[in-house]
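Listed here are the chains, written in short residue letters.
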Amino acid sequence: MKFAKLFFLMIVCAFAGASPAFAVPSYSRQTGEPCTSCHYGGYGPALTPHGREFKINGYSDGKFVLPLSVTGVASFTHTAKAQPEAASEHDSRNNNFAIDEVVGWVAGRILPHLGTFIAVEYSEIERHAELDHFNINYTQPLKIAGKDAILGVSVNNAPGSTDPFQSFSEMSFPHDSSSLVPEHQGIPLLTDGAGGQVIGVNPYLWFDDSIYAEIGGYRSLSPKLIDKIGVEDEFGKISGVTTYGRLAYQKDFGKQVASIGLVGLRSRVHPEREPGPTNKFTDWGLDATYQYLGNRKNIVAANLTYLHEHQKRDFDVAEGDLERRGHNLNSVKASVSYYRDNTYGLSGALFSSWGTRDTDLFEAEEGGGSRTGKANTSGFIIQTDFTPFGKEDSPNSPWMNLRVGLQYTGYFKFNGAAHDYDGFGRDAKDNNTVYGFIQVAL
Amino acid sequence: MRKTAQAAVLTALIFAAAVGVPHGSLRAAGDHEAGADVFDAYCSDCHSVSPKGTNRKGPTLYGVMGRRAGIVPGFAYSAGMAKSGLTWNPQTLNNYLANPRGMFADGKMKKGLPKPEDRANVIAYLQRPD
Numbered sequence: 003m004k005f006a007k008l009f010f011l012m013i014v015c016a017f018a019g020a021s022p023a024f025a026v027p028s029y030s031r032q033t034g035e036p037c038t039s040c041h042y043g044g045y046g047p048a049l050t051p052h053g054r055e056f057k058i059n060g061y062s063d064g065k066f067v068l069p070l071s072v073t074g075v076a077s078f079t080h081t082a083k084a085q086p087e088a089a090s091e092h093d094s095r096n097n098n099f100a101i102d103e104v105v106g107w108v109a110g111r112i113l114p115h116l117g118t119f120i121a122v123e124y125s126e127i128e129r130h131a132e133l134d135h136f137n138i139n140y141t142q143p144l145k146i147a148g149k150d151a152i153l154g155v156s157v158n159n160a161p162g163s164t165d166p167f168q169s170f171s172e173m174s175f176p177h178d179s180s181s182l183v184p185e186h187q188g189i190p191l192l193t194d195g196a197g198g199q200v201i202g203v204n205p206y207l208w209f210d211d212s213i214y215a216e217i218g219g220y221r222s223l224s225p226k227l228i229d230k231i232g233v234e235d236e237f238g239k240i241s242g243v244t245t246y247g248r249l250a251y252q253k254d255f256g257k258q259v260a261s262i263g264l265v266g267l268r269s270r271v272h273p274e275r276e277p278g279p280t281n282k283f284t285d286w287g288l289d290a291t292y293q294y295l296g297n298r299k300n301i302v303a304a305n306l307t308y309l310h311e312h313q314k315r316d317f318d319v320a321e322g323d324l325e326r327r328g329h330n331l332n333s334v335k336a337s338v339s340y341y342r343d344n345t346y347g348l349s350g351a352l353f354s355s356w357g358t359r360d361t362d363l364f365e366a367e368e369g370g371g372s373r374t375g376k377a378n379t380s381g382f383i384i385q386t387d388f389t390p391f392g393k394e395d396s397p398n399s400p401w402m403n404l405r406v407g408l409q410y411t412g413y414f415k416f417n418g419a420a421h422d423y424d425g426f427g428r429d430a431k432d433n434n435t436v437y438g439f440i441q442v443a444l
Numbered sequence: 042m043r044k045t046a047q048a049a050v051l052t053a054l055i056f057a058a059a060v061g062v063p064h065g066s067l068r069a070a071g072d073h074e075a076g077a078d079v080f081d082a083y084c085s086d087c088h089s090v091s092p093k094g095t096n097r098k099g100p101t102l103y104g105v106m107g108r109r110a111g112i113v114p115g116f117a118y119s120a121g122m123a124k125s126g127l128t129w130n131p132q133t134l135n136n137y138l139a140n141p142r143g144m145f146a147d148g149k150m151k152k153g154l155p156k157p158e159d160r161a162n163v164i165a166y167l168q169r170p171d
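Sequence lines, in order, name chains A and B. The working numbering applies: residue 3 is where the first sequence begins, and numbers increase by one. The working numbering applies: residue 42 is where the second sequence begins, and numbers increase by one.
There may be inaccurate statements among the hints.
Said to hold, decoys possible - Here are a few chain B residues that face chain A, going by a calculated C-beta distance under 8 Å:
(1) 81
(2) 83
(3) 86
(4) 89
(5) 98
(6) 151
If you're looking for bench data, these hints aren't it; they were derived computationally from the structure. For each residue, glycine too, the CB sits at the ideal point set by N, CA and C.
In isolation and in its complexed conformation, chain A is listed as follows:
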């Protein structure tokens, strides 16, 4: 029965459209460039320097074509031990086939210097559609001190979504992962927080192909609008303006490129959307990226990030939910990918997060809770993938791309402990996950 369901899902993905989260063939049709020009490995969202520049140029390079695409992901998820409860309302405790997402895109050049990256996502897991990505960018090329520069402004719905280096957002490795597994707690706001529930305006500058500077301000959408666009209102209401900043330096050595950068986010939130005390979040992070592209036959890409978050939970203390006001979260991730002929990929990552112990904030709960009051989680990811298309000489270029992959996530610690982390006897390794996926982009 499950295999029949998978077969059905594959058919749906192949013909109705499905794909990896962020590979958009309408950009390829617009620029005349194959996927490999902008994405190492031949499939999004990992960006080459050329892809970073396309994003910085506001997705507007090339000519106007109908800026529509459809992408989707179908998957199989297996955890080492079945979860205490069903992974979702429509799935089992283990060994689940699913359509993670089918996404309709309005992505491309609208006018000279004006482009979009807008996505409406349907999740078969949640049986629900929502406005996912929303980026409208306008850019203007100019000269500063005789050097080329791009001045741009982005209207978007997620802090960090504008980042051309993609170090901290969901576009960083592993790009796609199962949503049918327990999610560890203590994830910084910048990584997973306000997306979709806010609207921001971010001016940015790209100077001399080397310096990227961006600042943004975000306000909350109204509950009515959030409901209309299908997003879950879980963040609350921003008090004042949430500020976001990014500064990065890139050095292009020709066949290889490296970058270092800083990121920051500051937000005060009324979780219940009522006046009064707020919870305050201050995030800052460092990142370094490296890509050896050579003649594109052997590509190595590496990424290192550190993110720190300080929380001051005045609201939670005033409500009597917490006794402790100040909390810290830290996370580190290092990833390396190798691609042969932009077709055969092997990637690996190590990750670790740790922070303040608080048994009120991180409570024992079967499956997803913490016995120790800590969110500390660490582990590794290994992924191999196959991307047969996406090149200039691919038979269906630039109309269709495909990736098939197998990913394994292993945990050393989960929510504060290796053994009995939830207080109900579940070990971190019980959440070790095999995730097989097929991604299609049309």
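Fit chain B to the given chain A structure using the hints.
Using the frame of chain A, we list chain B on its own:
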């Protein structure tokens, strides 16, 4: 015999002076295979050599040798290149690739190939990319 050789050398020197080699000498013949690697590394994001004649961020380079600059249909050239009247041959291409903005200040291509051997090799490749 000796006079003939001297005359040949003199003729070659006069020709070289007349043509000018402003950005380093162009090797007699680049390495086609090495040129393919240079093209893939530095040019292929923006240029195609497919016989389909696809324009990307830059115009198609299929059949570029012997073609007048700025005439590929469907590509919006800078005013400087469109009006240049230049014809692409190994020498003009070598000069251009050494410093694209030096030749066309308003040109769209920012980066060239600073190494003479890279230019010689990619020029050899562009003469018969298929």
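We went through each hint and held it up to the structure:
no. : hint : in the structure
1   : 81   : holds (4 Å)
2   : 83   : holds (7 Å)
3   : 86   : holds (4 Å)
4   : 89   : holds (6 Å)
5   : 98   : holds (6 Å)
6   : 151  : holds (6 Å)
Violation of the numbered hints given earlier is absent; every hint is satisfied by the structure.
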